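So you can see what is in the structure, the chains are spelled out below.
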Amino acid sequence: MEWKRFGFIALIILVLFGIVVLIGQEEVDPGVIIASMLATTIAVATPLTLGALSGIYCERAGVVNIGIEGMMLSAAFFGWFSAIYLNTIFEVPDTASLWIGVVVALLTGGLMALLHAILSVSFKVDQIIGGTVINILAIGITGFLNRQMFFEKGSVFGGQVPHAPGTLDPIHIPLLADLPVIGRVFDQQPVTILAIVLVFVTHFVLFRTRWGLRTRAVGEHPRAADTVGINVVRMRYINVIIGGMMAGLGGAYFTLESVPSFEPLMTNGRGFIALAAMIFGNWSPFGAWSAALVFGAAQALQINLQFFREVIPPQLAILQISYVVGLAPYLLTMLILTGIVGKTTPPAADGQPYDK
Amino acid sequence: MQIPGEKEKPRGIRQLLRAALNAALVPVLAIVTALVVGGGIIAAAGGNPIAAYRGLFEGAFGSAAAWSETAVWATPYIFAGLAVALAFKGGLFNIGAEGQLALGAVISAWVGYALPGLLGISLPPYIHILLAVGLGAAMGALWAAIPGWLKAYLGGHEVINTIMMNYIAINITQYLLNGPMKDPSPLNISARTPYIAESAHLPPLFEGLRVHWGFILALVAAALVWLLLWKTTKGFDIRTVGLNPDSAKYAGIDVQSTVVLTMAISGMLAGMAGAVEVTGLNYRHELGFSMGYGFDSIAIALLGKSHPLGVVLASILFGAMRNGATRMQFMTQIPVDVISVIQALILLFVAADAIIRFIYRIRARAERVTLTRGWGG
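If you read the sequences in order, they're chains A and B. With the working numbering, the residue at position 74 of the first sequence is 74, and numbering never jumps. With the working numbering, the residue at position 253 of the second sequence is 253, and numbering never jumps.
No lab work stands behind these hints: they were computed from the structure. Just so you know, not all the hints are guaranteed correct.
[What the hints assert, rightly or not] Below, in silico cross-link-like pairs of lysine-lysine (DSSO-like), each with a Cα-Cα straight-line distance of 30 Å or less:
#1 B:Lys-234 with B:Lys-249
#2 A:Lys-356 with A:Lys-124
#3 B:Lys-305 with B:Lys-249
#4 B:Lys-234 with B:Lys-305
#5 B:Lys-231 with B:Lys-305
#6 A:Lys-356 with B:Lys-305
#7 B:Lys-249 with A:Lys-124
#8 B:Lys-231 with B:Lys-249
#9 B:Lys-305 with A:Lys-124
[To be verified] Residues from chain B shown here face chain A by an in silico Cβ test under 8 Å; the list is partial:
#10 Val-36
#11 Ala-299
#12 Leu-348
Here the structure is a predicted model, which is why all the values come from computation and not from measurement. The beta-carbon is built from N, C-alpha and C at its ideal position, and this holds for glycine as well.
Please work from the sequences and hints to get the whole structure.
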């Protein structure tokens with residue numbers, strides 16, 4: 001990962017933060033604004049980070065995954081559904097049912113990924129079509145079950161949305177979270193913290209272990225990997241499933257950590273932005289995380305500007321149209337993909353089925 | 001002239017029929033299998049599959065009004081499905097039909113309600129309709145030509161770029177429909193444009209039914225796409241680039257401009273889908289109406305095997321299912337959303353035709369689509 005790219009990313013984040021500080025400094029102390037922006041950025045970047053990690057595991061092994069969105073959506077639904085089901089029907093305590101929900105979300109993501117692997121590794125379906133199947137299937141299944149389980153008369157909950165067990169409690173990082181002003185940045189919920197840990201873990205696994213070396217070999221040159229005795233199909237299956245579990249954890253963020261409810265299509269394209277973050281970060285965990293933070297910062301700016309709606313100076317009136325900032329992630333991705341800003345190099349065998 | 005890799009042209013009616021049967025075999029079996037699995041899901045949800053499917057069929061084809069509604073549903077599907085299918089033929093994956101459709105609809109609506117006032121004249125119906133549909137289509141073409149250009153000249157992968165441009169289009173549409181283009185009537189709280197002028201209405205086909213001339217336009221578009229692809233030199237270029245860009249280049253075809261052209265025509269068709277919905281059916285553009293067309297159009301193109309006739313048939317099937325679902329829900333209390341599951345299953349079985357070939361013991365032909373060749377950079 002080149003320093004130029006990190007410098008570019010840091011610059012964008014600085015600019016985004018600077019805008020909010022400039023606008024809000026009359027009303028609120030800049031330190032508080034920065035802390036608030038940082039805390040929001042880290043939190044909203046979570047599904048993007050996890051989605052990007054999902055893409056990294058799959059594509060480093062040579063399987064393109066545009067089904068991240070669908071994996072997240074189905075995990076969000078099944079994780080939430082199992083939490084609420086255990087909580088209402090079996091009266092499992094709130095925290096326990098939420099954590100079981102996280103596990104179910106993880107498994108759901110893994111299961112959807114298994115389907116993707118069967119399609120694209122075994123049946124050698126075009127991988128983009130395979131991913132599209134995952135996305136359409138997820139929209140269909142979650143929409144149908146959501147209606148069937150919660151809004152039909154004969155449903156398990158008697159036709160109404162039951163009381164949700166809330167969201168996962170934040171983890172208070174000792175010492176750091178007690179710091180004045182900036183402390184709240186270290187007061188994050190568990191999936192967010194897990195996502196950051198997984199960035200480091202993924203980097204270590206990919207670049208410091210035998211497993212990672214083999215994964216990359218399978219993604220760069222499967223024939224060579226096969227020749228030295230690496231089981232290409234097995235490596236691809238396992239990596240795709242791990243990737244699916246990452247996306248599944250990202251799905252848990254939506255319904256178990258961010259808000260205690262499910263809505264059809266609630267992932268709202270975050271899976272695709274995650275894909276963009278993966279490309280933006282050049283298929284490396286730290287690169288993808290920093291890209292996710294950029295996109296998160298753009299979203300945090302939109303959220304935080306809401307508080308300063310009245311004091312936005314006329315020269316910056318365009319920012320009142322939050323849609324303008326909303327465009328940033330997409331435009332940046334297109335710029336970087338076309339080589340206008342930086343250069344990306346995907347794994348050489350990305351997207352190609354392996355014929356023995 | 002024969003493109004390497006394409007099958008021999010069938011000669012004579014019998015061979016033509018056999019070719020059609022062969023081509024339709026897997027899609028038809030995929031539909032049957034998906035309906036069987038879907039029946040299992042309906043039964044598991046406590047419904048009677050036979051009653052549900054009867055309701056679905058009656059709702060879709062049980063009366064003149066039902067036929068009309070099925071055609072209404074099928075109209076944008078045909079346009080958007082053709083858009084994806086044409087791009088497939090050119091070796092491109094246009095996931096951006098949704099965005100192209102939305103912007104086409106926005107422009108078409110704007111031409112419909114604002115242009116006469118802006119020009120200070122009342123436009124005669126024919127001209128006004130032509131402008132509304134034509135400029136909507138042009139907007140779609142422009143929106144798709146951008147990722148086409150990025151692909152051809154800078155190597156940016158069209159899948160990512162069309163996805164990104166979808167979201168850009170959605171953001172722009174949200175802004176316009178909540179801001180400058182919002183319907184100013186005092187009670188309006190929705191993100192939608194005002195009604196278009198009467199002179200921009202695409203007339204209905206029959207008195208009292210909602211099916212409109214857009215359906216005929218869609219069928220004409222399908223015929224034109226067929227003519228373009230198989231009866232013109234440009235179409236030959238498009239298909240050759242789709243099969244193998246390298247040999248196309250050696251054959252003297254301008255690959256780069258062909259890629260841009262393919263995307264532009266594809267986007268034009270998607271834009272038409274939006275324009276026709278505005279001028280023929282809703283008479284305005286409302287936020288959220290374009291949702292889901294991107295994925296549905298991919299499913300339709302795959303089910304129709306990227307052939308215009310296949311796309312028309314697949315669109316009518318999908319339209320019939322969407323239309324009949326309401327009656328199915330009314331008769332059996334199964335939520336309409338089950339249709340999305342069945343459609344996803346159809347797509348699954350069509351995409352992974354190896355599953356279908358395995359179940360029904362059909363010998364496989366040696367062919368495989370590969371659209372993904374890494375993301376480039």
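For each hint, the structure was consulted:
For the hint linking Lys-234 of chain B to Lys-249 of chain B, the alpha-carbon distance of about 14 Å falls within 30 Å, and the restraint holds. Of the supplied pair hints, the one linking Lys-356 of chain A and Lys-124 of chain A holds, its CA atoms being roughly 12 Å apart against a limit of 30 Å. A hinted pair counts as satisfied when its Cα atoms are at most 30 Å apart, and Lys-305 of chain B with Lys-249 of chain B qualifies at roughly 26 Å. Between the alpha carbons of Lys-234 of chain B and Lys-305 of chain B the distance comes to roughly 21 Å, so the proposed pair stays at or under 30 Å and holds.
With a CA separation close to 19 Å, the supplied pair Lys-231 of chain B and Lys-305 of chain B stays within the 30 Å bound. Proximity of Lys-356 of chain A to Lys-305 of chain B is assessed by CA-CA distance (about 28 Å); at most 30 Å being required, the pair is judged to hold. With a C-alpha separation of about 28 Å, the suggested pair Lys-249 of chain B and Lys-124 of chain A falls inside the 30 Å cut-off, and the hint holds. Restraint check: the Cα-Cα separation between Lys-231 of chain B and Lys-249 of chain B comes to about 21 Å, which is no more than 30 Å; the hinted pair holds.
Our distance criterion of 30 Å between C-alpha atoms is met by Lys-305 of chain B and Lys-124 of chain A, whose separation comes to about 17 Å. Annotation: interface hint on Val-36 of chain B violated; nearest CB of chain A at approximately 16 Å, more than 8 Å. The restraint placing Ala-299 of chain B at the interface with chain A holds, with a minimum CB-CB distance near 6 Å, inside the 8 Å limit. Nearest Cβ of chain A to the Cβ of Leu-348 of chain B: about 5 Å, under the 8 Å cut. The hint holds.
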